[in-house]
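From just these sequences and the hints, can you work out the full model?
Chains as they are written, first to last, in my numbering: chain A, 1 to 482; chain B, 1001 to 1250.
As a list, the in silico BS3-like pairs of lysine-lysine whose alpha-carbon atoms are at most 30 Å apart: (1) A/Lys417 / A/Lys266; (2) A/Lys441 / A/Lys471; (3) A/Lys441 / B/Lys1108; (4) A/Lys455 / B/Lys1122; (5) A/Lys382 / A/Lys347; (6) A/Lys143 / A/Lys168; (7) B/Lys1230 / B/Lys1151; (8) B/Lys1132 / A/Lys455; (9) B/Lys1122 / A/Lys441; (10) A/Lys264 / A/Lys143; (11) B/Lys1139 / A/Lys426; (12) A/Lys266 / A/Lys230; (13) B/Lys1151 / B/Lys1026; (14) B/Lys1122 / A/Lys471; (15) B/Lys1014 / A/Lys426; (16) B/Lys1136 / A/Lys426; (17) A/Lys455 / A/Lys347; (18) A/Lys455 / B/Lys1108; (19) B/Lys1230 / B/Lys1005; (20) B/Lys1230 / B/Lys1026; (21) B/Lys1108 / A/Lys471; (22) A/Lys426 / B/Lys1151; (23) A/Lys441 / B/Lys1005; (24) B/Lys1026 / A/Lys441; (25) A/Lys441 / B/Lys1151; (26) B/Lys1136 / A/Lys455; (27) A/Lys441 / B/Lys1139; (28) B/Lys1018 / B/Lys1230; (29) A/Lys63 / A/Lys347; (30) A/Lys471 / B/Lys1139; (31) A/Lys455 / B/Lys1139; (32) A/Lys417 / A/Lys347; (33) B/Lys1151 / A/Lys455; (34) A/Lys266 / A/Lys471; (35) B/Lys1136 / A/Lys471; (36) A/Lys441 / B/Lys1136.
Since the hints were made in silico from the structure, they are not lab data.
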Amino acid sequence: MSAKQETVEDLVKAGYEYGFVSEVKSDTLPPGLNEDTIRFISGKKNEPGWMLDYRLKAFEYWKQMKEPDWAHLRYDPIDFQDISYFSAPKKAGEGPQSLDEVDPELLATYEKLGIPLEEQKALAGVAVDAVFDSVSVATTFRKQLADAGVIFCSISEAVHDYPELIQKYLGSVVPHTDNFFAALNAAVFSDGTFVYIPEGVRCPMELSTYFRINEAKTGQFERTLIVAEKDSQVSYLEGCTAPMRDENQLHAAVVELIAMEDAKIKYSTVQNWYPGDENGVGGIYNFVTKRGDCRGDRAHISWTQVETGSAITWKYPSCILQGDDAVGEFYSVAVTRGYQQADTGTKMYHIGKNTRSTIVSKGISAAHGQNAYRGLVRMGTKAENARNHTQCDSLLIGDQCGAHTFPYIEVRNPTAKVEHEATTSKISEDQLFYCRQRGLKEEDAVSMIVNGFCKEVFNELPMEFAVEARKLLNVTLEGAVG
Amino acid sequence: MLSIKNLHVNVDGKEILKGLNLEIGKGEVHAIMGPNGSGKSTLSYVLSGRDGYEVTQGEVIFEGRNLLEMAPEERAWAGIFLAMQYPVELPGINNMSFLRESLNAIRKARGEEELDAVAFMKLIREKAASVKLDDKLLKRSVNAGFSGGEKKRNEILQMALLEPRLAILDETDSGLDIDALRIVSEGVNLLRNPEHAIIMITHYQRLLDYIQPDFVHVLADGRIIRSGGKDLALELEDKGYGWVLEENAA
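In structure tokens, the structure reads:
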């Protein structure tokens, strides 16, 4: 440990001398967070001075902030000094050597989801030498994207290759002062994705991080920035239905979307991080800030999420509807079982005239799961004729779980219309018996009822994702009843 | 086909069926009548395997198998169908998909080939026409927002589709107007053949005008206290249950 500490200190000293460091020897930082840590990360990535300054500014701010405690979540305090903030991607030779060394439970889940063997290895963290299909597919895609003028690369690359775009847009929707976890992310973000769609371009394919699985481990503090110029369109898929193995317990990602005039961004997430064992031990804490800014008239941002993983989920993908006639959408399915807790929802800020937003939230709680919807709809003074419709449904399975709804509505314009509908239902004995009497097995009956409940949201997902999400839900809720 | 011997059933610790005996043969239609609280619905739930009904004594044999050891879905696979008094709503589940899942689950369990979408569509349209159920109801969620009559007709449609060996109709006639009653009865009569048996649980003679039973039983206080032909039903309609109960007590 002490040897490593020295390396860091050496590095930091070198950093002071040259502004940034181009060569480092150590691959992983010991736990702890201070200014030196930030300099180390920035140096490791060979970042220009402005990026380091941004990180340091965020860190200074973060130090003054308090961890939020308003969410309907219960967990032991996080010791931010007990976390390692940088680890280089694993090389061959580390981690499990073959699938035989991987938790059979995890493999059984992959099997049920129908994931090909090579991808199973990648997901389970098994070192894979051979280039497999998805990477070559990704290369083909890259070419097609480049032809269209679309930029799709890691944030680290973008910092070097497109500094003017990054300086202009990074932190412009979620500033480092926004909240505790966003500030932390701004200080220590490891990597992430940058997408830029030029004016008038309709992105020729759905962009997915899934294709980047093997290229780069984005790690625990992911940063995503998507900019859609005037009259452009893009659909972005994040995550993967397979449960990902990860040693990092704390995840604090930031996603920023910017849609100019007549642009449309569709952002779909399937999140299935490790939820912890049946006693709730060891799952991922997921604190995410996602926000989209409709900067131009008629801009359109749509969030769709299927959240089945993580021990703790804290996320509120939001839309700022600045342009007139801008549209914001939020479609969500959040499942909690075991001892999982989710506090999730959205915020819709109506600023422009005739702005419209739709919120459809479906919470499913089973076993000891706790699911909270928290949403804000704000109609600003200038939001003439703005409209919102919110539909917030909860489904309970069993009698140990909980569903909670916290809607906040603020209306400052008399012509604005806001509707909120909420229901809570339980999969009843009557329903199950009815299905079984018609020949369906209990688990098939549950999955049918749950999928029926989530239909409105699944319909918003890209086709292939929707099929996977359905399968994922079935696997997740297996054995949830009885 | 079905043999119930000395059946005792508790619900919430209270004895509801107190030694019920009933024999049903292939091709027979049995009507079970009786005052409220006599145990009619309990009988239908025990036969279909619902939780919460504790059998303390007796046996139920269905085509040589011990019915009481089978799960509800296994009973469905074996050919037992319960048309419910209050059909359950399944919001978000398309009626057509539900019917197909149900039919295919049963076919699969019996080792028969599952029907593909095209073959199923053809079959379901035929069956829907036979019970005069509007196609629109096939596209809606199962029973969600259906009127009372539509729910009952939907039950009969399921029955027509699944062609059960033993159909139990639990007060299927209650809440139906005369036209709906006729349609439902026609659906039931279509199922009548030498291989199928039907148990009709009802309050009123009215249904029996449309579906002629072979046997009529009076269930009172957890036992069948009188059995007879369809004339018994007419007599009950005329005189009420009082005289049977009195004769039984004497």
